[in-house]
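With the hints as constraints, model all of the structure from the sequences given.
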Amino acid sequence: DAKTTQPPSMDCAEGRAANLPCNHSTISGNEYVYWYRQIHSQGPQYIIHGLKNNETNEMASLIITEDRKSSTLILPHATLRDTAVYYCIVRVGGSQGNLIFGKGTKLSVKP
Amino acid sequence: DSGVTQTPKHLITATGQRVTLRCSPRSGDLSVYWYQQSLDQGLQFLIQYYNGEERAKGNILERFSAQQFPDLHSELNLSSLELGDSALYFCASSVGQGPLYEQYFGPGTRLTVT
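Which chain is which? The protein sequence lines are A and B, in order. Just so you know, this note's numbering puts 23 at position 23 of the first sequence, and the rest follows in order with no gaps. So the mapping is simple: this note's numbering equals the position in the second sequence, first residue as 1, plus 111.
Take these hints with a grain of salt, some might be off.
What the hints assert, rightly or not - Here are some chain A residues pointing at chain B (derived, C-beta under 10 Å):
1. 49
2. 97
3. 103
What the hints assert, rightly or not - Computed list of lysine-lysine pairs in DSSO-like fashion (alpha-carbon distance at most 27 Å, straight line):
4. 106(A) with 69(A)
5. 120(B) with 106(A)
6. 168(B) with 103(A)
To be verified - Away from chain A, derived, C-beta distances all over 10 Å, residues of chain B:
7. 122
8. 138
9. 155
10. 159
11. 190
Just so you know, these hints were derived from the structure itself, not from any lab. Predicted, not measured: the structure shown is a model, and the values here were computed from it. Idealized CB from N, CA, C, for every residue including glycine.
Have a look at this one:
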């Protein structure tokens, strides 16, 4: 099972880009990278997912290295409301591929 | 607002008791997932239903059970409650099965067992 390694915490200045790294060196060729976030005690929120190519949506960009052993989630202009725990998920379990959440990165956006 | 509703928001009960948590998925979503989040264990997947049928089990205790009804709402039943069952319980829904389908999480039910 592919596992992820994320820094436990990061700070970012408001208005700056937040770059959240994730290492997944044991990822398999057909495993996707998913990102969710959880604002304090709320239900997690889907952000983005990708396989090989970089992906962008209205919330963020996902940059996956060519060897797929690591990725970076980019919030282009962080706001205070982006303060949350960000989960990088590669490992899925069971016959239906259920998400397995790790400890994530606590991102604090500061004014 | 994710469109997923959970009731009640808060629940306080005593050890040994039984409680039922309710979840209404987003309109059109067929999959329902239950998660438990405690301080020491993080967010743990419990069980998944798809269109009324159980499809996957995670770290769900035998004292816990769930079901999904024909109208697609789901209930999580927790019995013989212990102090360690105190946690946030989240329900999520998605239109299909598998991680490629975005999961929409509800606001959670905070269970406190005293």
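Where does the structure disagree with the numbered hints, that is, which hint numbers, in rising order? 9 and 10
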